[in-house]
Each structure stands twice: as structure tokens, then as C-alpha cells.
Amino acid sequence: MPIKEQLVSINQEASPFKNKKRSLMNIFMPKFLFICALVSILTTEGIVITLTTETVSFFQKVNIGQFLTGTKWSPLIEPHQFGILPLLFGTLMITLIAILVAVPIGLASAIYLSEYAPDKVRRVVKPILEVLAGIPTIVYGYFAISIITPIIQLIFPSAGVFNALSAGIVVGIMIIPMVSSLSEDAMSAVPRSLRDGAYALGATRFEVALKIVVPAAFSGIVSSAVLAFSRAIGETMIVTLAAGSTPNLTFNPLDSIQTMTAYIVQVSLGDTPHGSLAYGSIFAVGMTLFIITFLLNLLANYIARKYREEY
Amino acid sequence: MSTLIEAKNLNLFYSDFQALKNVNLTIPEKAVTAFIGPSGCGKSTLLRTLNRMNDMIIGTRIEGELTISGTNIYSNEVDVETLRKKVGMVFQQPNPFPKSIYDNIAYGPRLHGIKNKKVLDEIVETSLKAAALWDEVKDHLKRSALSISGGQQQRLCIARALAVNPDILLMDEATSALDPISTLKIEELVQELKDKYTIVMVTHNMHQAARVSNQTVFFLNGEVVEYSETEKLFSNPDDKRTEDYISGRFG
Amino acid sequence: MSIFQDANRKQIAGRRSIDVMLHMLFLLATSVGIIALSVLIIDIIIDGTARLQPELFQNFPSRKADQAGMKSAIVGSIYMLCIMAPVSFIFGVGAAIYLEEYAPKNWLTKLIQINISTLAGVPSIVYGILGLALFVRMFGMGKSLLAGSLTMALLVLPIIIVSAQEAIRAVPRSRRDASFALGATKWQTVARSVLPSSIAGILTGCILAFSRAIGETAPLVMIGALTYVAFLPDGILDSFTVMPIQIYNWLSRPQADFQELAASGIIVLLAVLLLMNISAVFIRNKYSKKI
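Chains as they are written, first to last, in the working numbering: chain C, -15 to 295; chain X, 3 to 253; chain H, 275 to 565.
Wrong hints could be hidden among the right ones.
Said to hold, decoys possible - Footprint (simulated), chain C over chain H, 3 or more residues, beta carbon under 8 angstroms:
id : stretch
1  : 290 to 299
2  : 352 to 361
3  : 416 to 429
4  : 450 to 463
5  : 481 to 493
6  : 526 to 536
7  : 543 to 557
Unchecked claim - Pairwise CB distance ranges (calculated):
id : chain 1 : residue 1 : chain 2 : residue 2 : range
8  : X       : Pro40     : H       : Ala444    : 55 to 63 angstroms
9  : X       : Glu79     : H       : Gly416    : 56 to 64 angstroms
10 : X       : Gly152    : C       : Pro102    : 32 to 40 angstroms
11 : C       : Arg107    : X       : Ala179    : 30 to 38 angstroms
12 : X       : Glu79     : C       : Pro111    : 39 to 47 angstroms
13 : C       : Val32     : H       : Gln341    : 41 to 49 angstroms
Source of the hints: derived by calculation from the structure; they are not laboratory data.
All C-beta atoms in this analysis are idealised placements derived from N, C-alpha and C, irrespective of residue type, glycine included.
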């Protein structure tokens, strides 16, 4: 039998171009997949609704002005005071120390890996930085209390066993990989031709790096710093273990302080009856945290997009 | 069933851009028709209307009629999947799936519900023979399709298209990525296949069109300038633009 | 030659030495991370190896350091993984397939993408708050394994979606074209061509996401994973604990013995994570040639 006829006898068709066999999968799968995608919207809504409802009922009992400007935070001890500034300051102090550690080191690492490092070195160092990024924060917490705090107490005898400096340094170490890899991405997006032009004029590597590449990648670098800032603000375990649990409005990094995140953990570890002020304070502080990190992430995105150089 | 392809006042728009202007054309069955013309003239676009592949581009709009065996393939009467079973396509870059040679060929029949292993075995063998590839791979059917040469991969793609038993085979510059020897093998294959299949090929190589096809269609700027028997088009074209293109004055 | 004056040479030499100095500086900065990592690992090994005995795995936590173990924590982590993984995999990969293959380019799709990138930047403790309000209280699951696992599933969902999207996007268009040209429906093309090609990247992303979840402490503290659990969970609505929380419990005790125990616990945790990451790299390398 000629080839064509053989094939015809195997595949039977009813009518020229119409075939009613629409499988169930083809109809239901797209709908199911759509529902999966909606889960993300539901989650965000869930977070917003949960935080908002409980925060609103909290602020029906506590004056919001006092919350935002008060300098004493003692929700569990009489007299109940709900000024968030100590927690906010604690968070900010840790974050600033962390940024001071992470941005110079992260940026320098990024410059080294992007402009100086030979391929072999890059292939070894990059995975190591990725490993650093994957270490659980509880392990960093251990690092803070068992290594960094003793060192600080050696250098500054006045430092207590809980201090902001130790936690800040370790949070900084934790976010170095983030700053480094995001900055490096921004720098590798700078086209080779820009560098070549400078090298051809006799520039040295640091001149190319600092005068050409970094300015060109600046928006990406700043964006990475803002994202790292946001990440540091949300950090919980390192600060819970190393910074302390005393809300303390202070500018001295050697003092013990409490961050917003550490407070939330502290309350959860205890017995907080549903509906009590302490329970509500979790949501108020959580809402503050969420809004701050959300705005920072928006800012990071905006900077990355608006000031991106067109090559 | 006749597989005559007819285009009547066919216009195609990609959003605002008009890619095909008032195309009127008949493509005879069981013969090789070549579409030639400079880059961007619409020949690939028309080819892809034949199996509605440009449905997948957002903003595509069709006016006019395109019929195969008397049925307008853009009407609601037509299932796109069934249409593509009847109108197969081979692309410019060989694109075998990263599966075994066997699974590549069996992919199409399995899509349309054939599960019996014996039947699939038969289809694989028949298709590979039709594509003149059987002898070269028959002992290696389980090997990855990516392990054979470019020319063999393209013949594999032809076999894969034949496995679903089409009536029409579309070839979109199918040899332009291949070396001359593989190109020749495929041109010979096309001559064998034309007894059973209607073949429409887009080519940027005029000499290939002259070698291989029975009818040639010359496109320019989305219009069909001229179409006729290949011999006539290349030796005695009616339109001056055709003559200019063929003699290399532009293109 | 008048072009190469000595005055110029001095300036060039100056710039060159700055270059060398900065090179060293940048190299030093890069080493900080490596040095910190090494110090950490060495310290953990020094402190923790002594207590890396079988008792660590067989015993429940105890007030006496010599009798304490992390059996309940290890089992709890495994149970949590078993519930969290399928849930986040199905919804995460499902969302990714929808976004890459089916979603029309309209405002709803944009909204979904924005939501996903927002969620990726939310601190993990906020997920804990959500889990507390939603799963523990509103759905009435209590401080249970189920509530904890579902909360962690939500946490890793954005990570899985993003990496699955990337893996699916990496499949070239020509692969889909070939499938459609043979008469496949959209779902057939996705299921028979796109997914098999992208499954390696998807699995790698999932494993990395899961390893992140295993190391998380804060959300589960919010849920109420207890820090002192001397039993194995009976069912999914039972209380539970996980490795990071057990470590945290030991770290908060002042006695040096418990600090050592914590170090051993960290070694176990890191070993598990190392195993997961190695398998992810292994999968990526084994299947990357096929594409």
C-alpha cells in the first residue's frame, strides 16, 4: 500500500475540519491555573485586611497621635504606654549600622567582582556569597551572641550583653550578598562598549569603575541599597537574640534596645489573650512595619526605573 | 477530497500595519508551489495564514476569504487544531523536541489520541521512511533527537509533520539554515512527496524555487505581483517588477 | 619622542598605584564576607561537634542539657515540609503557568504580577501575623502544624512563582510553535512540551524555596510553634516545633551547655540545608544539557 494510504487508514477523521473532541483538561485547566494566580492577590489582601481591621480596633482604644509620637513603650507593664518611637528608633539604629556595614563592603565586592576579578576567582567567590545569602537568620543570631558581642565587649567595656551594635553589624553582614549581587547585576548591565571607550583613552581600572561604571549603574546600586534597607528593617531573629528586649529611646549603639520585630516576637512568645491591648499592639506595630517596608520597596522600584540610564 | 487552496481578496493586518493586500491566488493540489520575494514582502505571512499560525500574534486581523477544499478556514466552522492536523508545517530552524527520535514522531499522533504502541510504531516507521530518514536512524530511535545533524533534524521535523497525516505541507524557508548537501537531500525529498501532498514553500533562494517548484508566486510589499508556472515566471514574466527581481536588480 | 614626557609618566604612575591600592581594598572588602563565613563555620564546629551524638537525634528536649535532643524539632520540620511543599508547589507553579502561557495582557495580569513582587518583599514576620490571624484564629486551626505549614506555604509562594516563571520563559518559542503546528491545544502544548522542558528549573527553584522555609523562625513563633515540645505531633492539628525554634530555645538559655547544644542543632540544620542545596544544583546540572 502506498505510504499515504497507510497513514489514512490509521488516522480516522469524521469531517474535514471539525472535531468535537474538546478534552475536559483543556476547559478546566485554564480556570484552575487562574485561581492559583489569584491566590497571590488574596494573600496581599489577606495581609492588608488583617492588619487594618485589628489596627483600627486597636486605635479605638489607643490614641494614634500618642502612638506615633510617644516616647515610652510599655504595653505589658502598668502604666500601659503605647508610644512607638523607642521601637522605631531601635529599628532604625540597627538598620543604619547594618547599612554602614553592608553598602560599602557590598559595593566594593561588586566592583571587585565586576571589574577586577579574573574569571576563576569570580567562579569561586560568587557561590560563596550565595551561600552567605542562604544561611538562616537564627544562625546569624548565634554568630552575633557568641562571637561579635564578646568582641565588642572587649573593645567597649561599657557594652552590655545585649547591644545594638552587635546586632547591627551582623544584620549588615547578612545583607552584604544582597547589596553585592544586585549592584553587580546593575554593573554588568552597563555595556562593554562604554568601558572599552574609557580603556582606549588610557584609563586605569579604578577610573573606569568609579567614573564610568558606577555612575552608569547608579540607579541600580541605589535601588539595591534601599532594598537592603527594607530587608534589614524586617529582620527579626538576629535582633531578638542580640539587641535585647528593652524598648529604649537612645542614640548609643552600645545600649540594649528593642526593635519592632523583636517586640512582636516577645509578645507572641507570651500568653496574649485575644482582644487584649497587647494582642492588638502586635497588629499596630506589624502594620507600621508593613507600611515602611512596602514604601521602601516602592521607592527602590521607582529609583531603578526612573533613573535608569538608557544605553 | 480536493485540497485546492484559494485566497479571495485576502487582507491581513497586524494591528495597524497591513501585511497582506488584496491577495487573490489559487494553489493547485499535489504540486509544489513556491513563494518568492524580498524580505518583509509578506510571503511568510501568507504561508502562516494557511495553518492559522498567525492567530497567535495579538492584534492580527483578517479580511476576505481563504478556503481549503471549499471551506473558509477562518470561519467558526473550523477547529484550529484539526486544521493544523491537515496542514502541516516545517520551520526555518529545525526545532525537534528535546525527546527521543521516536517520541518526536509519536508526539503528533499522541496529541490526537493514538495510544496503541503497535500503531505508533507503524506510524513512526512510515513517517521516517517518507522523509527518507528511516535507514539512518532505525537502530537509534530512542536516542535524543538533538544528537543527529542539522540536516537530519530537519528531515525529522518533516517526518514529524507527516506523522499526523496532513494533506498539505508548508515549508517556511526550511533549507536556509542547512548546508548545501542537506538542502539537496530535502529538495529531492520534496520531489518525492509532491505526488501525495500539496506542498507550499517559502524560499528566499530563487534558484531553489526554479529547481523544485511547479508554480511560483512572486510577492512584493504584501501584494501578489504575479503567479504562474515556474518555467514561465522565470523565463518570461509578465510584470516588470518580477523581471527586475529575478534578474537581481533588487532584493 | 615628545609625546611621552616624563611629567606625564609621573602622573600615570600615580594613578597606577592608586589602582593597585584600590584593587587591594576591593579584594579585602570581598573577603570580609568570606572571612565572616569561615569564622562562623569554624566556631560552630568547635562548639557543636562535641554534642553531635545519636542522643541529639533520639531524645526530646529536656531541662537537663545532657539528656536533651531535637527529635521533635527534626520530625516537626519534616512534617511541615511534607504539608507545605505540595501546597506551595501546586499553587506556585500553577500561577506561573497561568502568567506565562494563558494570561492576557490586561490590568488584572499586571495587578497579579505587582502583587507577587510586593509579597516577595514583605518581612517574614508579617506572614506570621497573617497566619496567626487567618489560620490560627479565623479558620480555627489553633497553634497547629497545619496552620504553620500553610503560613510557610504562603511565604514561599512568591519565590516559587518567580523562579517557575523564569524556567518557563526559558523554553524557546520554536518549541511551542512546533507543538501548535502539529495541532496541539494550548494545554497539550503546556503539558507535553513546555513543562517537561522547564521542570528542572522549576524543581531547582522549589528546593531553594523550601530550604529557605526550613530555616525560618519568626513566622512560626507567631503561629505558636512551641519552644518546648517533648512529644511528636499526633495529627496535623497538634502542636509542634521545628529546628530553628528549638535552636532559638536553647540559645535563649544562659547555661553554656545549652549554647553548645544550640551549636550542634545549627550543625544539623545547616547539614539539612546543604543537602537540599546540593540536590538542587545536581538537578540543575543534570537536566540543563537537555535544553
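Next item on the list: Confirm or reject the coverage of the stretch 416 to 429 of chain H by chain C under the rule of 3 or more residues with a beta carbon closer than 8 angstroms to the chain's beta carbons.
Entry: violated (count 1)
Item checked: Coverage criterion applied to the stretch 290 to 299 of chain H (partner chain C; beta-carbon cut 8 angstroms; 3 residues) -> Held - the stretch 290 to 299 of chain H has 6 residues with a Cβ nearer than 8 angstroms to chain C, which meets the minimum of three.
Item checked: Within 8 angstroms of chain C's CB atoms, at least three CB atoms from the stretch 481 to 493 of chain H: coverage verdict -> holds (count 8)
Notebook entry, point to check: Between Arg107 of chain C and Ala179 of chain X, is the Cβ distance one that fits in 30 to 38 angstroms?
Noted result: For Arg107 of chain C and Ala179 of chain X the Cβ distance comes to about 34 angstroms; the hint holds.
Item checked: Range hint 41 to 49 angstroms (beta carbons of Val32 of chain C and Gln341 of chain H) holds or violated -> Hint holds: Cβ distance 46 angstroms, inside 41 to 49 angstroms.
Item checked: Outcome, coverage hint (the stretch 543 to 557 of chain H, chain C; C-beta under 8 angstroms; three residues) -> holds (count 4)
Item checked: Gly152 of chain X versus Pro102 of chain C beta-carbon gap, inside 32 to 40 angstroms or not -> 36 angstroms, holds
Notebook entry, point to check: Using the C-beta atoms of Glu79 of chain X and Pro111 of chain C, is the stated range 39 to 47 angstroms upheld?
Noted result: Violated, since Glu79 of chain X and Pro111 of chain C (Cβ atoms, about 58 angstroms apart) do not stay within the stated range.
Margin query: Is the listed coverage of the stretch 526 to 536 of chain H by chain C valid when you require three or more residues with a beta carbon under 8 angstroms from a beta carbon of that chain?
Written below: holds (count 3)
Checklist line | Supplied distance hint 56 to 64 angstroms, evaluated on CB atoms of Glu79 of chain X and Gly416 of chain H | finding: 59 angstroms, holds
Notebook entry, point to check: If you check the beta carbons of Pro40 of chain X and Ala444 of chain H, does the distance land in 55 to 63 angstroms?
Noted result: 34 angstroms, violated
Margin query: Between the stretch 352 to 361 of chain H and chain C, are there enough contacts, at least three residues with CB-CB distance under 8 angstroms, for the coverage claim to hold?
Written below: violated (count 0)
Hints 2, 3, 8 and 12 from the list above are not met by this structure, while the remaining hints are.
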